[in-house]
Amino acid sequence: RKEVEQDPGPFNVPEGATVAFNCTYSNSASQSFFWYRQDCRKEPKLLMSVYSSGNEDGRFTAQLNRASQYISLLIRDSKLSDSATYLCVVILYNQGGKLIFGQGTELSVKP
Amino acid sequence: NAGVTQTPKFRVLKTGQSMTLLCAQDMNHEYMYWYRQDPGMGLRLIHYSVGEGTTAKGEVPDGYNVSRLKKQNFLLGLESAAPSQTSVYFCASSINTEAFFGQGTRLTVV
Chain G
1 RKEVEQDPGP FNVPEGATVA FNCTYSNSAS QSFFWYRQDC RKEPKLLMSV YSSGNEDGRF
61 TAQLNRASQY ISLLIRDSKL SDSATYLCVV ILYNQGGKLI FGQGTELSVK P
Chain D
112 NAGVTQTPKF RVLKTGQSMT LLCAQDMNHE YMYWYRQDPG MGLRLIHYSV GEGTTAKGEV
172 PDGYNVSRLK KQNFLLGLES AAPSQTSVYF CASSINTEAF FGQGTRLTVV
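Same order as they appear, the protein sequences are chains G and D. Using the working numbering, the first residue of the first sequence is number 1, and each one after it goes up by one. Using the working numbering, the first residue of the second sequence is number 112, and each one after it goes up by one.
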């Protein structure tokens, strides 16, 4: 089983839609969680960190459920510019700070 | 402030040839990582380092070696390239939170 698994894509949604991605992780010692965005095979860039209490950044909301070992990303009012691949990332501090990525979920927002 | 710089950006190798990919960061980060990305596979960790002089294996280390002789540099070596190592390689560095990535190296082994 992969250490970090994401919803299979692609997600094709119309502009203005709300879309949610889930990600599960297998290592209960995981302590830090992030969502990254990757455009057209360019380098990944941090979208937002995920905090235990949940956090919001504009149209984006991230949630963490430690008991069920999953994190989620909600995008409201989707824009064409949101089209990208979204990567779930976990840091394993008990393994020397390994940074592990999920396989990514592709989002395509259509007019 | 250049951030994370990878060289080269593109390379074509013949099977059996060797090469070294260089990753340099100017942010004084302790942690550095090498990943490969293949279609549908996401980023898979090859090797990583938690500080100068240290290295550790990631998810897919076979066929690769690394060295971290200086804090700012993390080298990825392919001793005998194979077509299965055709991929896009990304280097990253972090202070154990947000990771910053280089622009990637597209390697083709023929």
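Hints were generated in silico from the structure; no laboratory data involved. The structure displayed is predicted, hence computed values, not measured ones. Cβ atoms here follow ideal geometry from the backbone N, Cα and C, with glycine treated the same way. Be careful, since some hints might not be right.
Said to hold, decoys possible - Derived pair list, reagent style DSS-like, types lysine-lysine, alpha-carbon separation capped at 27 Å: (1) Lys181/D to Lys79/G; (2) Lys181/D to Lys168/D; (3) Lys110/G to Lys181/D; (4) Lys120/D to Lys45/G; (5) Lys79/G to Lys168/D; (6) Lys42/G to Lys79/G; (7) Lys42/G to Lys120/D; (8) Lys45/G to Lys110/G.
Stated by the list, open to error - With beta-carbon atoms standing in for the labels, derived distance ranges: (9) Pro172/D to Asn65/G: 27 to 35 Å; (10) Pro119/D to Gln69/G: 34 to 42 Å; (11) Ala167/D to Ser28/G: 35 to 43 Å; (12) Ala167/D to Asn55/G: 50 to 58 Å; (13) Asn176/D to Arg41/G: 19 to 27 Å.
Structure-based check of all given hints:
1. Distance restraint check for lysine 181/D and lysine 79/G: the Cα-Cα separation of roughly 43 Å exceeds the 27 Å cut-off, and the hinted pair is therefore not satisfied.
2. Our distance criterion of 27 Å between C-alpha atoms is met by lysine 181/D and lysine 168/D, whose separation comes to about 18 Å.
3. For a cut-off of 27 Å, the pair hint linking lysine 110/G to lysine 181/D is broken: about 47 Å separates their Cα positions.
4. For the suggested pair lysine 120/D and lysine 45/G, the alpha carbons sit about 18 Å apart, so the restraint of at most 27 Å is met.
5. For the proposed pair lysine 79/G and lysine 168/D, the alpha carbon gap of about 39 Å is over 27 Å, so the pair is violated.
6. Between the alpha carbons of lysine 42/G and lysine 79/G the distance comes to roughly 20 Å, so the proposed pair stays at or under 27 Å and holds.
7. This hinted pair checks out: lysine 42/G and lysine 120/D have alpha carbons roughly 12 Å apart, not beyond 27 Å.
8. A C-alpha spacing of about 23 Å is found between lysine 45/G and lysine 110/G, which places the hinted pair at or below 27 Å, so the restraint holds.
9. The hinted range of 27 to 35 Å is satisfied by proline 172/D and asparagine 65/G, whose Cβ atoms lie roughly 32 Å apart.
10. Between proline 119/D and glutamine 69/G the beta carbon distance is about 39 Å. The supplied range of 34 to 42 Å therefore holds.
11. Separated by about 21 Å at the C-beta atoms, alanine 167/D and serine 28/G break the suggested range of 35 to 43 Å.
12. Between alanine 167/D and asparagine 55/G the beta carbon distance is about 30 Å. The supplied range of 50 to 58 Å is therefore violated.
13. Between asparagine 176/D and arginine 41/G the beta carbon distance is about 25 Å. The supplied range of 19 to 27 Å therefore holds.
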